[in-house]
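Student: Below are the chains, spelled out letter by letter.
There are 2 protein chains.
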Amino acid sequence: MNEVKVIEIKKSVFAENEKDADALRVELKNKEVCLLNLMSAPGSGKTTTLIQLINRIKDKIRVSVMEADIDSDVDAVKIKEATGVPSIQLHTGGMCHLDAEMTRQGLDNLNLEETDLVILENVGNLVCPAEFDTGATCNAMILSVPEGDDKPLKYPLMFTVCDLVIINKMDVVPYFDFDIERCKKYIHLRNPKAQIIPVSAKTGYGIDALAEWLRREVNVGE
Amino acid sequence: MNEVKVIEIKKSVFAENEKDADALRVELKNKEVCLLNLMSAPGSGKTTTLIQLINRIKDKIRVSVMEADIDSDVDAVKIKEATGVPSIQLHTGGMCHLDAEMTRQGLDNLNLEETDLVILENVGNLVCPAEFDTGATCNAMILSVPEGDDKPLKYPLMFTVCDLVIINKMDVVPYFDFDIERCKKYIHLRNPKAQIIPVSAKTGYGIDALAEWLRREVNVGE
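Those protein sequence lines, which keep their order, are chains C and F.
The opening residue of the first sequence carries number 0 in numbering that gives the first Met the number 0; numbering runs sequentially from there.
The opening residue of the second sequence carries number 0 in numbering that gives the first Met the number 0; numbering runs sequentially from there.
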């Protein structure tokens, strides 16, 4: 039960990541597979949010998960145990991000014929993953309340490249100096089109709205 | 009052960062300047902790601060307003870390003759800054309670390179699933020699112990 496949990712040989990412996106669209690249700082609750989200959608959408981590397979095991969906671990061997070729190495280990949605949990890092197009068909990030509402000012590119910003740990707002309206304003300064969904992966608050957003992305109606 | 010097850091020309870092460390020791490289994930409370710490030690130790950020000068302004010590902002222009040459560009803008301790607040990132020796005479990191006690398993190098791990936001322990003993065990798995000091920058808890540690590093007795 505890065993998950662990893939040791090799450094990319492609110099032109953007071209490669565009090519991967076309391949995925031809296969009718949606690839969601989920990014965040360490400890913002990516895995816990995914567990809640996947359990909400897995009856209607066939989901697979790729968990990228420098080391350890803690997350892939957690996802598999808590949701039962196929989950593999990508070891980046110290690398701080994934690019399109590294993402492809992971996808090669999934059965895409039987998948509507692949969720890639990127390395916990607000800087480098924003710089490398993974070939994903949509990009999302999680900002958690304890990190502070000023993060869009400090990590501008991450907020610019994401279609969706999930604000997690809304249950602890009373204990932190976090102003959600100010945060939304800062996010829209960086990216006027960004969708923003506040959630608490702990209590389940907002997960329905998140599932709704994802269903639209995957184009699977109820 | 609100104005701080902003330095646009250029990419390093030195290929051999380790040699350059060793050279910088020798220079600093000759000048009797301690350089503390403070690292953490985004939003762990580096700036707030520094304000508390600096106000506790500034009568005995002459402190200067270099705030590294991709963009914005929010932090340098905060430090200057709240402590009155010299504070400059280093803009990394999107770069995810600082190396020795970039650190030197910052130091060139400080008056080291009148400084005992320079604190470098590195870019908020648990991955890349751990890979690049800045030439600092000591390395410390902050892990905050909301990030989770499993971070030493997931970001091993960061915990390996630090002399000190500060565990911040201890005031919110009741609201998170964070086991400090488990966290200490994981930290010591990565780095048996690491000092660990739990603090709350919000309430002031543990700041005395932190100041004590820093005084020893700077070699300035009471």
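Hints in this document: simulated from the structure, not taken from any laboratory.
Treat the hints with care, as some may be off.
As the list makes no split between identical chains, a pair holds if one copy fits it or if it spans any two.
Pairs of lysine-lysine, DSS-like flavour, derived with a Cα cap of 25 Å [said to hold, decoys possible]:
#1 K28 to K77
#2 K184 to K9
#3 K183 to K77
#4 K184 to K77
#5 K192 to K4
#6 K28 to K183
#7 K4 to K18
#8 K30 to K77
#9 K183 to K59
Student: Give a verdict on every hint.
Tutor: Comparing the hints with the structure gives:
| no. | hint | result |
| --- | --- | --- |
| 1 | K28 to K77 | neither (29 Å within a copy, 47 Å between copies) |
| 2 | K184 to K9 | neither (39 Å within a copy, 31 Å between copies) |
| 3 | K183 to K77 | between (31 Å within a copy, 22 Å between copies) |
| 4 | K184 to K77 | between (34 Å within a copy, 21 Å between copies) |
| 5 | K192 to K4 | neither (37 Å within a copy, 33 Å between copies) |
| 6 | K28 to K183 | neither (31 Å within a copy, 46 Å between copies) |
| 7 | K4 to K18 | neither (29 Å within a copy, 40 Å between copies) |
| 8 | K30 to K77 | neither (28 Å within a copy, 51 Å between copies) |
| 9 | K183 to K59 | neither (31 Å within a copy, 42 Å between copies) |
Going down the numbered hints, you'll see the structure goes against 1, 2, 5, 6, 7, 8, 9, while the others check out.
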